[in-house]
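Asks: Input sequences plus hints: build the corresponding full structure.
Top to bottom, those sequences are chains A and B. Residues 12 to 970 in our numbering are what the first sequence lists, from first letter to last. Residues 755 to 870 in our numbering are what the second sequence lists, from first letter to last.
Worth flagging that the hints you see were computed from the coordinates, not collected in a lab. These numbers come from a predicted model, not from an experiment. Fair warning: there could be bad hints in the mix.
Unchecked claim - Take a look, some chain A residues computed to stay more than 10 Å from chain B by CB distance:
#  : residue
1  : ALA34
2  : ALA49
3  : GLU148
4  : PHE380
5  : LEU414
6  : LEU496
7  : THR540
8  : GLU542
9  : PRO545
10 : LEU596
11 : VAL600
12 : PHE653
13 : ALA658
14 : LEU676
15 : MET818
16 : LEU966
What the hints assert, rightly or not - Stretch-level coverage of chain B by chain A, calculated; a stretch enters the list once three of its residues show a Cβ under 8 Å from a Cβ in chain A:
#  : stretch
17 : 755-761
18 : 780-787
Glycine residues also receive a C-beta, built at the ideal position from the N, C-alpha and C atoms.
Each chain, letter by letter, is given below.
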Amino acid sequence: MSLFLIVALPFFGALLPGLMNQAGRKACAGITFTVSLAAFIGLLTNLPTVMAGEVVMARVDWVPSLGLNFTLMLDALGFFFALLILGIGLLIIAYGRSYLSRDDNMGEFFTYLLLFQGAMVGIVLSDNILLLLVFWELTSLSSFLLIGYWKHLPEGRQGARMALTVTGMGGLAMVGGMLILGQIAGSYDLSVILQNRELIQGSPLYLPALILILLGCFTKSAQFPFHFWLPHAMAAPTPVSAYLHSATMVKAGIFLMARMWPVLSGTPEWFVIVTTAGLVTMVLGAVIALFKHDLKALLAFSTVSHLGLITMLLGTGTAFGAMAAMFHILNHATFKAALFMSAGIVDHETHTRDIRRLGGLRHLMPITFTIATLAALSMAGIPFLNGFLSKEMMLEEAHHTVLFGSHWLVPVMATVGSLFSAAYCFRLIGHTFLGAKRDDYPAKPHDPPAGMWVPPAILVVLVVVIGVLPHLAEPFVKLVTAAVLGEAADVPKAYFKIWHGLVPALYMSIIAVVGGLVLMTVFKPLLKTWETTPRPEAKTIFEAIIAAAVSLARGLILTSHNGAFSRYGAVFAVTVVVAGAYAFLSGTVGETTRELQPVTPVALAGWAMLVAATLALVFQHRNRLLALILIGIAGLMVSVGFVFFSAPDLALTQFTVEVVTIILLLLALNFLPNRTPVESSQFRRMRDGVIAVLGGIATMAMSYHYLLRDALSTPISEFHLANSYKGGGGTNVVNVILVDFRGFDTYGEIIVLGIAALLIYALTETLLSGPVRARLLNRKPDQPRAGDMHPMMMVVLTRVIMPVVLMVGFYIFLRGHNEPGGGFIAGLIVSIAVIMQYMASGFAWTSARLRYPYHGVIGAGVLVAGLTGIGSWFVGRPFLTSYFEYVRIPPFHKFELATAAAFDLGVFLAVVGAVMLSLESFSRLARRAHVPDAEHPMDIDPSREQALAQTAADLKGGA
Amino acid sequence: MELLVASAIGVLTAAGLYLVMRLRSFPVILGMSLLTYAVNVFLFASGRLTIGASPILTDGVEVYTDPLPQALVLTAIVISFGMTAVVVMIALGAYLGADDDAVDDPADDAPVEDVQ
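Replies: Right, here's the structure in full:
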């Protein structure tokens, strides 16, 4: 199966559980299982190729200019991890189906799980490190959702936040590291990077890159000092803990260290950082684990400890260490997932995970006891179980490792770690399952249904099989090791077997197991000492850091961002002017290349009107109605200016937009106060005035300089002028640019316009359904209302004019391609015609005659434009390629048919819909404000009054 | 002529800036409209000023004004209508909800403590 499909399956499959939620729990889990199984089988179809030592590649260019390509690679290492992710995933899904209670939303759970699965598979199969980063962040996000799945639990929410913070910060560091690495290697493709060991290790940027990448790995894999998030993430449902926090996600950091092993390892920096972090984590995790009473917390710290062990092995930088690490990843995934599932079973059946309340479960839950004991003994390193084998290899490797010049440090620490590891395993078995049966369990324990114990049982079978017959796993592990080592080293010759003779590792192992048993005998006094010893609590430190960051951010924001928008405006204006002035003064200005054009009297008159209206607006802005009239004059003068300077299309647009804007503002003014009070001080007004004048002078100076100089390069407009008729079939270049050359822009723009209108509609709905509604209903108009709200003259006039305006709109639309006009302008004209109906005949009358809702009109417009664009796909052209043809239908003249006209129709519809929906929303507020709504189009209607009089007379007569 | 256009842009900008810095929503909206005019005219002027040479291809005519800024400004005008409408709606909603059309937050409007 294609690698793309393997990665994509879980992602697409994530849509299904939510949909299947209604179909019942069985269907929901079933579909999730099927999706995972399909990906799993797809992976297995690649097994022969991988076993033959070949690498499967799949590549699609995504953003080649950034070096970001969707490149996937499947070698033995990727295969190994993908196998763990998908294989254990299957078991977890089966287990989760029984584990989740009826109150839990199963669809949601499995959706998150599949998202996570897809992201994990993406990490291990990525060949491009930028792509890998994307998947890396996706695992952080999906694990956040999974940890916080039980939203009602505060621990769950806090744990999820902590995990996201820590792994997210690490992820950020890693982004930096990966970018540096890509810069050094000159490519973001792993296959290239892995070939450049000397180049990368010789670079002065090697150390920063290494540290940043390791930060990412250490946070993800919970290495000291970032280990603390993992135990808190245990608030997640147990299937999540078993899956993410033992078998897969926490191994992502280790996977990356293994993946980068050929280029990053082998240097003193790598050795010291990675080995030390691993060693400290291993011992610390093991010691803390021993004293945890919560089964899952114990397992969490033991996971931390084992991850440290693997990290330390990778840190040694030897081929044997890498092989031991790979083998231990396999073994750890099997026994630890089984243990987590067993802990989940205990929790599920006894309703507690507190070891102090358990014991004697051996008799009540024999199956669980067998599974958990075998898995725990494997973790303790008892022979004939797989944990023993890799632990021996680890001790063997530790025996040869010299850290900080000491031959003793690593072996002793490794032995101590193993000793505590054995101790907590014995405690887990002894205090949970052995001992006398108790009668105070919170629930009556018994073995769970098969759905819950079969998945861990399968894993335990693997534990035993590998433990007894290690040579079965040997070829596979060696293949994976070969993939890790790349060309940096050869796979060690060592054989996997139980008995290596009386080697130092065996003695260390014996010390560990015997020591572990001894520790158990003195556990009670030991625990007392532990509990009385003060020690730093990682969670408290973490929370203190977060609190400090929050208060710093708050302090910064509150001082700079105090909610005074007028101040922001002033600061912004001053900043822009100063920056512009600096650029202007420090740069050079070319010679003027254009002549000043002579001023004509008409232009001067227009200018004078514009300036007068604008200045009057500033001084009279407190009188809001007057201000509205003045801004209307200013807008009109701008339109006239467009006509004057050869822009008829702009003039038409500006003019029509001006009309609807003023209507809109009038509608708003209907509710707002009529006057703006004097609030700011004299000084403040002066200050604002100075800033405003400065801004005005700056823009004026810039425009003036601009207008007197030609562009340095030939403007691309030449192309548009030359090709408008030839390529676009229209002589109105502006319109051809809109619907053809830059049709995609226009398409985006009508969508934006539609969204703006929908936003206005939504806001109106919110207002009308909230407390504002009552206020609107009780509102007394502050101005006397006209007695004749729908004057007959206007009603008659608007109705007569309506078909004429529609015809004009149609005409403007059709001529748009060759003459000034087009969809935008036609849309605005038609909108004005409809608005006039609203104004003249009233809201109710007009809406009653409305056949299509405006939402639909917007949608239809976007759809028509989009479908026109898609149409060009069918003839093998890119989106929105236009086509035109001249046809002749007798007896008419020859005329042009262009696809651009269909696109323009879309623009037209979207504009009409958007303008009308906005204005209609505003008027709906007004309509609810004064309740009586004219039912009739005209207030004065003699016939109606006669009928009324008649009825009254009839009634009187009847009485 | 260039000076007239440049000064018009300047006046519109200055008036717009002054009104944007006012304390009530209505003048702020008017100020934004004025700034929109200024920006649109400025963008339009980037095609330089040409009189009597509309970008409508006609036989025998060689000189046309720059059509590209016109196309860009045309969409900008329509979009700015949408923007104005949204801002007006927000202002109206704020006024109707609080009976106050001041744009600045009151000084005692402390941020809400976040909930753990």
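Asks: Next, verify each hint and record whether it holds.
Replies: Structure-based check of each hint:
1. ALA34: Its Cβ never comes within 10 Å of chain B, the nearest being 36 Å, so this holds.
2. ALA49: Holds, since 42 Å exceeds 10 Å.
3. GLU148: The claim holds: A/GLU148 sits with its nearest Cβ about 24 Å from chain B, beyond 10 Å.
4. PHE380: holds (40 Å)
5. LEU414: holds (42 Å)
6. LEU496: Consistent with the label, A/LEU496 stays out of reach of chain B, its closest Cβ about 48 Å off (over 10 Å).
7. THR540: Answer for A/THR540: holds, closest chain B Cβ roughly 34 Å.
8. GLU542: It holds; A/GLU542 is separated from chain B by about 27 Å at its closest Cβ, greater than 10 Å.
9. PRO545: holds (26 Å)
10. LEU596: Non-interface label on A/LEU596 holds, nearest chain B Cβ at 19 Å vs cutoff 10 Å.
11. VAL600: holds (15 Å)
12. PHE653: violated (7 Å)
13. ALA658: The claim breaks: A/ALA658 does not keep its Cβ more than 10 Å from every Cβ of chain B (closest is about 5 Å).
14. LEU676: violated (7 Å)
15. MET818: holds (22 Å)
16. LEU966: The claim stands: A/LEU966 keeps its Cβ more than 10 Å from every Cβ of chain B (closest is about 43 Å).
17. 755-761: With 7 residues close enough to chain A, the hint holds.
18. 780-787: Coverage by chain A holds here, the residue count being 6 at a Cβ distance below 8 Å.
Checked against the numbered hints listed earlier, the structure breaks hints 12, 13 and 14; every other hint is satisfied.
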